Amino acid sequence: MTIAVSILPAQQLAVLNDAYRKAVARKRLRFALATAVFVATLIIAAVGAEVNLRTFFTHFGNFVSYFDRVLTLEDGTRVWTNIGEWLWGWQKWSLLLGETILISYVGTLAGAVLAFALNFLAAENTAPAAWLRILVKRFLEFCRTVPDIVFALIFVIAFGLGPMAGVLAITIHCIGALGKQYSEIVENIDMRPVEGVRSTGAGWISCMRFAVLPQVAAGFAGYTLLRFEINVRGASVMGFVGAGGIGQELVVAIRKFYYSDVSAILLMIVLTVFVIDIGTGWIRGRLFGRDRHA
Amino acid sequence: MTESPKPDFEGLRARHPEVFDRPLSARLATPTMMIAAFSVFVFGLIDLEFSPSRFFSGLHQLGWIALMMIPPDPGSSLPVYLVALGETLSIALLGTTLAAVFALPVSLLAARNIVPSSIFRFPVRRFLDSIRGVDTLIWALVWINVVGLGPFAGVLAIAVADFGAFGKLFSEAIEAADRKQVEGIRASGGNALHEIRFGLMPQVLPVIAGQVLYFIESNTRSATIIGIVGAGGIGLQLAEQIRVLEWQKVSFLILMILVAVAAIDWISSKLRFAIIGRRAVV
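Respectively, the protein sequence lines represent chains C and L.
What the first sequence shows, in this note's numbering, is residues 1 to 294, in sequence order.
What the second sequence shows, in this note's numbering, is residues 1 to 282, in sequence order.
Quick caveat, the hints were computed from the structure, so don't treat them as lab data.
Since this is a predicted model, take the numbers as computed values, not measurements.
Certain hints may be false.
[What the hints assert, rightly or not] Listed below are the simulated DSS-like cross-link pairs for lysine-lysine, each with C-alpha atoms no more than 25 Å apart in a straight line:
#1 L:Lys-270 x C:Lys-180
#2 C:Lys-92 x C:Lys-137
#3 C:Lys-137 x L:Lys-270
#4 C:Lys-27 x L:Lys-270
[Stated by the list, open to error] Footprint (simulated), chain C over chain L, 3 or more residues, beta carbon under 8 Å:
#5 32-42
#6 60-70
#7 85-92
#8 135-141
#9 146-153
#10 223-229
Even for Gly, the Cβ is constructed at its ideal location relative to N, Cα and C.
One chain only, chain L, in its complex shape (with noise of 0.2 Å):
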């Protein structure tokens, strides 16, 4: 075996002076911003009553409780699950039915191609902007207040929360339409309305028709999550048992939880295939 020969460092280190000579200041970077957010974390730990021995004890209750979880097991209260997993999927269906209803006209005034003036889009913008802001759990607990404890809370906090999402998503699709349609349907002497019906819905329809399917899919989660304060469905019944320490009952609704979940999943994507072909989705 004959031996490679020596590389030339020191060609090397001519040719390539920003590779051997970087500036103190560019090699510390890394090491000192790495640092800085190690100590914030430490001081997190600290900050927040972390303890090594609270930590462990807490891990060894909770391989207790997942032994307590072994096997899932819905005692005689399947029925009443099943009622409330029927709940969870018609509070996501109609919260995102009702939130794409009533922000399709409102992203057309959110949109730089209908509203050219940024004086009416602005609050128009800052408004969807500011429910994005509140959680949909804290939606919740508002409506309950107005409509009362039960599934109808929950349909109307998810309705609230994604007008906001579904607000900004919709005048963004609306915003990247074609022009050219628009201009044709203008020049053969249509009106405004003539414009967004024939220009801009038959480009932007598909687009957000594959969002809204989508959030079902995402509100299934927020639907599950929402019962816990109250607003129906079967996050109730998954904090009710949580309470009372049934642990079996607990895993096996969480495992209702991930089927159903998975099932939207599969479904949603197969309507969205169907809905804008097999191109990229969201």
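So here's chain C without its partners, still in its complex pose (with noise of 0.2 Å):
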């Protein structure tokens, strides 16, 4: 068999080489540099930490068999062997769930009703001034920038312990999210339909219901599904700062070192949040396929 491969003449080649390799080694040195660069960070970010690597591995022992005990029951038999015993807990935590899942759906409303009000005066293309815009922009940016837990730590103190300081906590956070969220719906719709609505003597309200919303609706009912779903979560460990749902009992069984509890709840919440995920999912299929249909 001929090999049909042309060699170059050894001059030209040389200079093929040589570029290749001076383009080669000036993308190396980069890449070294931003490494050097990025390992020192991370140097003074792990003392910043008190990372103790000692400690680590001394302790990893009890990570990997804290799962082991969080699976075993009292009686030193595997939790699935006797579900019964497991779950005892079963309808106060079941009840718990229920509350979380409430706190997260009254929380989600109420923000998404007040973020839908707020939205229009945020987005470029519908606010009626631009000094309103940038107030309402920024109040929406301090709303999600400030994480919902720290909201729930001050509402305890305010409202009291109980379910209301989770929910007005999570309300608070999903304005921001959700404001932010439709604006930029809003933002990229058609305007011409606004443009038509107008010309006909509409007023403000009158354009943003009639040649908004409609273009706007499915968006925005998507969007607040997911933030439901995200919502669940959030709601899960209000509970630790004392702001209602099944994250009280949680916390006291992770402290008190009831360890079968733990495993227990935390596959309720798992399984809890799938369901919804699954939930969720479905309902967003069903409203955009409608929609195509349309």
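Reassemble the complex: the two chains are provided individually, in unrelated frames, and hints are given to aid placement.
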């Protein structure tokens, strides 16, 4: 078999090789520098965060055996051999999980309504005045940057212990997050229907109702469902600071080393989140599916 | 001014029956859904012990707290707060890096174009899903049991929680990669590892780097809250000052968090553009 690879003259090859090496060397140098800076930052961070590899390795066995302990009942048998004993508190926990879902539902709905009222003022193409837009945007930013659990901590002091503080914390966070997502949808709409409605002499509110809303309703619903899903996760830890829901039970179980309870409650939370994920996914599919027909 | 001709309602009605004569079920669907949603909302308010008097007295209290917060003032503990903020940033950076390093090999196992057999892929995916189902705060509590109170527990909590998220995101990025470059490597005689190293990684790494930067940003927020359960950083200070009702310090700490998050946002978006160009991010 003959080999048909043409070999370039040595001179030409040398020039090409040289250029190639130079290009690669520059790229490698850049990469090495970036890596060095990154590693240096990591080392500083490691000192700052009191990383102690010795504690880590001596206690890592603890981490693994923690799961072993969590999956063992008090009489030393595996949890799944005696489901009734493992999930002994399922009635109480289901009620608390129901409360968690309700907290997230009420918080999401209240937040969505308020975000809906505010988002038209924050979107560039529908805002009635520039100063109002900037004001509303800053407010939304504040609402979503402060973590909801910090709001919950403060609200627990103002409104007392209980689910009310959790609901309000989720509402505030939801206004910030949904307000931003809503106004982004509104900024992407087709403006011709708005002009059409305005040309008939309609006021601002009618423009929003008849020209903007029909274009954005499905997108709004999709984001709201997604937010509900996120808030169920968020509400499951609200109890850590005394703001209602299943979190209270979980934190007690973890702190007091009720091992099998930890796994039972976690299992129920993960299952609930899973079911809510599937449920909202199904509703989203139906909403957008129906939209395609219309 | 001439009067415009009257619209031909009869003709319109005849031509577009679907607009004028919608079936009753379609017309009732939206109001029914709204009423149902609203009644669940009212049930929720009652069940969660909302009452107007409680709400307004709480609001009154809240207004009072807001007044007490002005002006924000760290008192004499500014150095302590700065150290705590540094700790928070360190937690976010280290936790995210650790998660990314461990998630990359696992995400290969969860990607359809690397592991075609769903028998192997399925358990890996469910494993990642269940890690993601557990909140960062819960992981923080578990790690505090293992390595004790302090920022190290926070690093490990963020690392584990993000491991689940990264595993999923990375495997999606790998699945979206172009097949042709991998085939090119195979055609020139490369083995499976060569295919991954020279065919996949150059396509996937910029996307992954963008996602990691985005997570460092969002983890700065998470790192502020895991302090509340005792895992170090500025959240610890914040929770303490809220409990002892030092409102001026609380508002100062919240401002510090807002500024730090904005700064990290800015830096990481600059870095993101430097790495992947002005393409759409994530």
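Verification of the supplied hints:
no.: 1; hint: L:Lys-270 x C:Lys-180; verdict: holds, 22 Å
no.: 2; hint: C:Lys-92 x C:Lys-137; verdict: violated, 42 Å
no.: 3; hint: C:Lys-137 x L:Lys-270; verdict: holds, 22 Å
no.: 4; hint: C:Lys-27 x L:Lys-270; verdict: holds, 20 Å
no.: 5; hint: 32-42; verdict: holds (count 3)
no.: 6; hint: 60-70; verdict: holds (count 3)
no.: 7; hint: 85-92; verdict: holds (count 5)
no.: 8; hint: 135-141; verdict: holds (count 4)
no.: 9; hint: 146-153; verdict: holds (count 6)
no.: 10; hint: 223-229; verdict: holds (count 4)
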